[in-house]
Amino acid sequence: MPSIRIAPLILASGLLLGAFPAAAEDTDFQLVIREHKFVPAEITVPARKKIKLVIENQDATAEEFESHELNREKVVPPKGKITIFVGPLEPGRYPFFGEFHKETAKGVLIAK
Amino acid sequence: MLAIAILVFREVLEAALVVSVVFAATRGVPGREHWIGSGIAAGVLGSVAVALSAGVIADAAAGMGQELFNAVVLFAAVVMIAWHAIWMATHGRQLSLQLQALGSEVSVGHRPLVALLLVVALAVLREGSEVVLFLFAQVAGGSGWVDIASGIALGVAGGCAIGFALYFGLLRIPIRHFFTATNWLLLLLAAGMASQGARFLVQADLLPSLGPRLWDTSMVLSDRSLLGQTLHALIGYDARPAGVQVLFYVVTGALIVIGMRLWGKPRRRVPGAH
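Line by line, the protein sequences give chains E and L. Residue numbering for the first sequence follows the working numbering, beginning at 1 and increasing consecutively. Residue numbering for the second sequence follows the working numbering, beginning at 1 and increasing consecutively.
FYI, nobody ran anything at the bench for these hints, they're computed from the structure. Keep in mind the model is a prediction, meaning the values are calculated, not measured. Keep in mind that the hints are not guaranteed to be accurate.
As the list claims (entries may be wrong) - Cβ pair distances, simulated, as ranges:
1) 157/L / 103/E: 36 to 44 angstroms
2) 37/E / 146/L: 40 to 48 angstroms
3) 175/L / 112/E: 40 to 48 angstroms
4) 35/E / 144/L: 16 to 24 angstroms
5) 61/L / 95/E: 25 to 33 angstroms
6) 164/L / 49/E: 45 to 53 angstroms
7) 217/L / 112/E: 37 to 45 angstroms
8) 95/E / 53/L: 38 to 46 angstroms
Stated by the list, open to error - Residues on chain E that point at chain L, a partial pick, calculated with CB under 7 angstroms:
9) 58
10) 61
11) 67
12) 72
13) 74
14) 75
15) 83
16) 91
Note that CB positions come from ideal geometry on N, CA and C, so glycine has one too.
Isolated chain E, as found in the complex:
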């Protein structure tokens, strides 16, 4: 019976998911994608604090927000709005880019 074999795995992942309630306090920061560019291209956020990035895509085409430094990636649908949680970050520069329009969609998040 395969279902019996995988049951402990499902149970364990369920326990892990339920075990840690997520913290609630965060700060909001807005970014806009317009003509395949991030506006503003530079955004300053507080360091050592979990922050909430809200990205609005005003273009008619999809974009993918991506940052290796932040270890984040998320598709931003055409005319859509998405939210990404990052941090708490150590002070520093964290570049990000739009995977679908790399030549123009570039930006950096600065944690201070």
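Position chain L against the provided structure of chain E, taking the given hints into account.
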């Protein structure tokens, strides 16, 4: 065209590596081409469907639909791989013996090929939906059809070439160790997917990060390099993992090992009892 080729290559590569491991792990199973092929086809169709509903998915679950969707897809694949790996631990020895005796075709019991079909389909779907969204954007952005078509062709060819290279590399493993090796590869694949799934849940603020950046090895091996990305797809390499990702990685790997030990022991029963 080059930009299109590179993006398509990166996405196809990740899916192709998963398919290669699965294809190797099903060595000697009659009709496996049919199963894997169906998985790829289902994944491609699913990619288009997911890309078309990107807006709906993104808006679902209070804006966290994308993360939840990705996490569910990854965890589903983890469970399927675990099921197969544990099954193989119980039957792998017999398979190896039969392969040695017969040379090629074997059939021991009913392998959970549906599980692996789903793993292939889900891997193709995850990477494919990004390609489709990107291509939509390219078309809307006025890229020429020749550019798009040749970009796709180059990217797919390049990604598949590395997949084939991995497959034929794996075939060089001596047959007596072959299924042990592919089973460990499947285990690492599953652990890596669990870690990626955890990352999406952290991104959605549904899991605490337990340290947003446990270590940073990007100076040694960047995720973006070909090797880094290959290892990312195969064994879940992450240059800057969150603590909870490492926890998920270790726990998933440990659970599968425990499962293999628990159910994988040779049973001293009367022959034919299973």
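Results for each hint:
Taken as a hint, the range 36 to 44 angstroms is violated for the pair residue 157/L and residue 103/E, whose Cβ atoms sit roughly 24 angstroms apart. For the hinted restraint 40 to 48 angstroms between residue 37/E and residue 146/L, the CB-CB distance of approximately 27 angstroms leaves it violated. The supplied range of 40 to 48 angstroms is broken by residue 175/L and residue 112/E, whose beta-carbon atoms lie about 59 angstroms from each other. Separated by about 20 angstroms at the C-beta atoms, residue 35/E and residue 144/L satisfy the suggested range of 16 to 24 angstroms.
At about 29 angstroms, the beta-carbon gap between residue 61/L and residue 95/E stays in the expected band of 25 to 33 angstroms. Separation of residue 164/L from residue 49/E is about 47 angstroms and conforms to the stated range, judged on CB atoms against 45 to 53 angstroms. For the hinted restraint 37 to 45 angstroms between residue 217/L and residue 112/E, the CB-CB distance of approximately 25 angstroms leaves it violated. Restraint check, residue 95/E to residue 53/L: a C-beta distance of roughly 30 angstroms breaks the suggested window 38 to 46 angstroms.
At a threshold of 7 angstroms, the smallest CB-CB gap from residue 58/E to chain L is about 14 angstroms, leaving the interface hint violated. Restraint check, residue 61/E versus chain L: the minimum CB separation of about 4 angstroms is within 7 angstroms; hint holds. For residue 67/E, the shortest C-beta to C-beta distance to chain L is roughly 10 angstroms, which exceeds 7 angstroms, and the interface hint is violated. Proximity of residue 72/E to chain L holds as hinted, the smallest CB-CB distance being about 6 angstroms (cut-off 7 angstroms).
For the restraint placing residue 74/E at the interface with chain L, the shortest Cβ-Cβ distance is roughly 6 angstroms, inside the 7 angstroms limit, so the hint holds. A distance limit of 7 angstroms between C-beta atoms decides the matter here; for residue 75/E the minimum to chain L is near 6 angstroms, and the interface restraint holds. For residue 83/E, the interface hint holds, since its Cβ comes within 7 angstroms of a Cβ in chain L; the closest pair sits about 5 angstroms apart. At its closest, the beta carbon of residue 91/E sits 13 angstroms from a beta carbon of chain L; the interface hint therefore is violated under the 7 angstroms criterion.
Comparing the model with each numbered hint stated earlier shows that hints 1, 2, 3, 7, 8, 9, 11 and 16 do not hold.
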